[in-house]
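Chains as they are written, first to last, in the numbering used here: chain A, 4 to 366; chain B, 4 to 366; chain C, 4 to 366; chain D, 4 to 366.
It is worth saying that the hints were derived from the structure and are not from the lab. Heads up, a few of these hints could be off.
[Said to hold, decoys possible] Cut-off 25 Å, straight-line C-alpha distance, at most; resulting in silico cross-link-like pairs (SDA-like, lysine to any residue):
id, chain 1, residue 1, chain 2, residue 2
1, D, K240, C, V328
2, A, K240, D, E346
3, D, K351, D, R252
In this text the structure is predicted, and so the values were computed from the model without any measurement.
Number of protein chains: 4
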Amino acid sequence: MMRRIPTYFHLTIVTVGIVSMIALTMQDAPPLIRQTSERALFACLAIFIAEWLGKLVYAARSGTLLAYARSVGGLADALAVVPLAAALLLAGSSPTAWLIASLWILKLPPASSGLSLLNRVIALEARSLASVATLFFVILFFAAVMVHLAEREQQPAAFGSLPGALYWAVTTLTTTGYGDAVPQTGLGRLIAGLVMIGGLAVFGLWTGILATGFAAESRRREFIQNWQLVSNVPFFKSLAPSAIIELARLLRRWDMPEKTVVIREGRVGDCMYFIAAGAVEVQVKHGPVKLGPGAFFGEMALLGSGVRTATVITTEPSTLLILEVADFRAFTAANPDLAHLIESEAGKRGGKHAHAAEKAKGG
Amino acid sequence: MMRRIPTYFHLTIVTVGIVSMIALTMQDAPPLIRQTSERALFACLAIFIAEWLGKLVYAARSGTLLAYARSVGGLADALAVVPLAAALLLAGSSPTAWLIASLWILKLPPASSGLSLLNRVIALEARSLASVATLFFVILFFAAVMVHLAEREQQPAAFGSLPGALYWAVTTLTTTGYGDAVPQTGLGRLIAGLVMIGGLAVFGLWTGILATGFAAESRRREFIQNWQLVSNVPFFKSLAPSAIIELARLLRRWDMPEKTVVIREGRVGDCMYFIAAGAVEVQVKHGPVKLGPGAFFGEMALLGSGVRTATVITTEPSTLLILEVADFRAFTAANPDLAHLIESEAGKRGGKHAHAAEKAKGG
Amino acid sequence: MMRRIPTYFHLTIVTVGIVSMIALTMQDAPPLIRQTSERALFACLAIFIAEWLGKLVYAARSGTLLAYARSVGGLADALAVVPLAAALLLAGSSPTAWLIASLWILKLPPASSGLSLLNRVIALEARSLASVATLFFVILFFAAVMVHLAEREQQPAAFGSLPGALYWAVTTLTTTGYGDAVPQTGLGRLIAGLVMIGGLAVFGLWTGILATGFAAESRRREFIQNWQLVSNVPFFKSLAPSAIIELARLLRRWDMPEKTVVIREGRVGDCMYFIAAGAVEVQVKHGPVKLGPGAFFGEMALLGSGVRTATVITTEPSTLLILEVADFRAFTAANPDLAHLIESEAGKRGGKHAHAAEKAKGG
Amino acid sequence: MMRRIPTYFHLTIVTVGIVSMIALTMQDAPPLIRQTSERALFACLAIFIAEWLGKLVYAARSGTLLAYARSVGGLADALAVVPLAAALLLAGSSPTAWLIASLWILKLPPASSGLSLLNRVIALEARSLASVATLFFVILFFAAVMVHLAEREQQPAAFGSLPGALYWAVTTLTTTGYGDAVPQTGLGRLIAGLVMIGGLAVFGLWTGILATGFAAESRRREFIQNWQLVSNVPFFKSLAPSAIIELARLLRRWDMPEKTVVIREGRVGDCMYFIAAGAVEVQVKHGPVKLGPGAFFGEMALLGSGVRTATVITTEPSTLLILEVADFRAFTAANPDLAHLIESEAGKRGGKHAHAAEKAKGG
């Protein structure tokens, strides 16, 4: 329970706070809006202080105070409260002081998860990234020196000093191109053209390394999660370990909120679903049939025609594992066990419900 | 029949409509063009209303009215007609009212297919994309706050409020760089440089995730389609299921319009073709030879010299499966069955036609 | 002979021609330069006319006139000569007429090879590219309509008509951002921000599809070439077909000009080389040892310490196949045959030359 | 020793030198800063001269003078000293002469390693890159010619000559978009739009080729290093060669500085570590336990619950090989040997330390 609530809760409070903060900086806004904004900001701060103190007390009681304080979440909680409260106490409430509230954005859950993933990728690809970053700075620096030599007499304000030339080089090498500093001599323009083309090359390398690393790391994490989920589905227990490994690689995890339509009767489907956590309701004429963790549905898309025979809706937030028909074919060509398992289970089901609920399988 | 026609038909009507709509907004165009444009727009609208009503009646008769109304195509048909007709009735014909005709673009078939693919990719990569989007907004927001602090005194118009600073940050982080708001202080320029470099990194991650997800999903869909096509080619029936799976992965689907030259006599070829649907004509001296679904041609490129011995032309819109020499070598190294099959079939053919049509194989 | 010469020859003539053409458009250049440029252009044109006529005569004699005229090279040859000659005859020599000489660029060999590869990629990825292009145009069009509505009153010149708004949308969606048309209302800036972020997404998809397709197609072509080269090396004849296929995938082709140092004595090496075509010279004390097609060298890097024991230089333009130590380890773990072959060959060599040329292996 | 020191040493000296050089070009800086900068530059130059002479003497004594002079490092050392010293002697100390100090940046170690990797990638992908570069120049050139024709009358200064039009085309095709030269006619804007969209396509190809090549080459190099490291870990000696190859592909190398926390007690872990070089300290209650090269730790994350039972810190700069739980599962599903090895070793350890140091395994 302590984990579920904050996701939406934090998102709401942080959004309210940030929007109020933005409104506060607009000097031509009517006084009413500015007053409301300030009050909303005080309310958000109060909530975050209460949350932080609550967590500190809870952590102190359970003897994990140090662990909490050193965790990413604990740091985010502290940063959201301490600097802003200190600034308000010292300097009073002013739009500038409230700018510190931008630290609240660090409380958003994806921020920490995304940053931890990014952290890992950067640590593992550090050498390649360092090579490209060095290449970037070498090009940047030589470009700045050369354009400084070419343009300093014509445009002393923009290119007369190396810091100015470096600013131009960053603007150009990243292909941003503001146009506030632009070479005017022929030589300067030639250098600019080469820098732009060089920018594309560096950018290509940079993109490639980050993209490759990020993709590999996400797949790795997804595999670990899938493998844990698959291990907990009793239905798969009889498969060989190597088959479970392969299956964990094929399944795709889909987290669905409550009351979401997973499959709709009459549509054409190309995948089946295993319930890793949560529950769904198969809507058939004589009333809904409930399926819980470990059950599967939609298998007729793989065994039969592909047209869904019933609508399936989640009844609570659920984690489903999707097996697509393409992967199912490839997998069962090598491991026929799973196909037999699913067919026999589907057969059993079909027999059990044959008269009353021929369509209850949701396939 | 009901499916084929609309592809070119819609493309034509939508193009005419959109071009007319654009012409209508050009205030210095001669009156004749404006009148013609308006008439063309009314004609397009009439066609779409007729099409929509026709489809509604057809769906109501076949009892699929609800399914049609809820389908992507049904929504696009309704959106193309209802809002525009309502606006014309309420406000009369004016260039502004006709702007609603831009919804017609949703009727183009690739729009819906592309959007459904994109939808799936986004759903499956939601977590990674959310991480990167959060990272994007964190950088965006801190950049805006910092440049607001650095530049608000020098340039109150552009950077005096956070919305202005955020606009600058988006412009810079996406490397668009209009140049209408540009930092002028040393600190502001340093921040700008860091934001641009950060933009490259975020962009790299974004590109990588979308590209990887899109590539995987396209390959998945292609595999399902190929697998269905291969299963329908009688020639492959004798292959083991695992070989069919592997073959479906190697084959590349090529949809060709009517009367297209597939291979040309005398050219060097590096692939053979299986006909999944449609028909082709092998042009040999004593008259053309027809080949239908399940047949193959061009196999001499894999077995012999590689020079095409006849020209082959489609006689109707056809779906061909291409097997390249590289994949053929790799595949038959592991599964020699296919090579034997093709060789024996080619031998049979060679024998049958040996005297009259030595070149009829089109290989 | 007819193939080798044109590569450098065309590059030189085309470069001279293009540079002269550029010089001709510079109106403040001294008359001498303009005269020289014009003469150089006439000379280039004369050479291309002579080449074209020569090729036509040669093709007509060998009965391949039609094949030549319809080939990519034949079209490029004709386009380089006919339009320009016609323009010069009709309108006389002027900088504008000479602009047609820009068609000469199509004679460069990589242009045709690159364009044929690109052609193939575009044909195979046509569906995905069409989806993304449609998405691009949908975003482009809606962005233009919305910004037209938001800005047309404030900036009628830039955003008053849809063509203007579309120009702005292309500039923004491709993240070019000239800054000549910039939204000024709050709503317009919000739309601009969303368009820029959408531009990143579309760009990511576009990049991903083209990059994936291009990489797959290049690998495919490289494999076919390698497979043909490997099949012609007698040394590999004794390997199993599946091993040859795998080897063709591991080897990397390296085309080297004459008199190039392949490996240098004393450097650390991590790959060995097979000669597919051409010849090399191993420089040892008692005089150089020649190696021709089918021979290998540098094998000590894989079997021994990795320090090169002799310098090896190509004596004619050669095609080498590189086998890296990593791939060698992986390959011989599964197929120990190649390692035995190389070891026994290296042993033989070592014995033969043991006294006089211990270092002749170039390893 | 001669290798370790320069990494930080060079980074410091080069940074001091470059910053001083930048300061020297700022004409409005106070004289004190300019004097200090100049002195710092002289000091840096003196250090580099001393280093170069020292290396030359050392190389001459050990008979490797030629090898040193021709190596990348030797060239960088010479370039850092000779041109700058010559300029100072000939022209005296001036900000312009000191700009030559920008060559110092080539002394940074990643510069040479990154450039050598880039060199290799460019050599191997030369054909594809040449195709795309040609395509880039073809588009660039035709764009320049067309916009020159469309705009030369309206804007003779910017588009009147081809060099100007080419500068605009580079700016646009790389999506930099300064905005200093902008088409104003309808036709010119249409060309500009097409060039921008073409720029995206070329950029996509460019990015894809460089990224693919770079990723493949880095993986190759990493594999060779890993393979050498794994071969030196006695623990792996009993594995089959094919298993060692596969393991070398799974392990990820992590170079860690001295006194770094590798794993922290109480955190959840998903990987184990092998020590390839260096040493770590497992911190348990009764005093630290030292582990050296060939040892492993953190294995409980793979065998047990995943919660780390002790903190592990490096005691010297170490090279660790990381095996993630996902890879461990996949690897041991095919090769159960490693799992037995680790379990038996973990069992032995557990038995040995059972009473005094139950937590000493650091798992």
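Against the structure, the hints:
no., hint, in the structure
1, K240/D to V328/C, "20 Å, holds"
2, K240/A to E346/D, "23 Å, holds"
3, K351/D to R252/D, "28 Å, violated"
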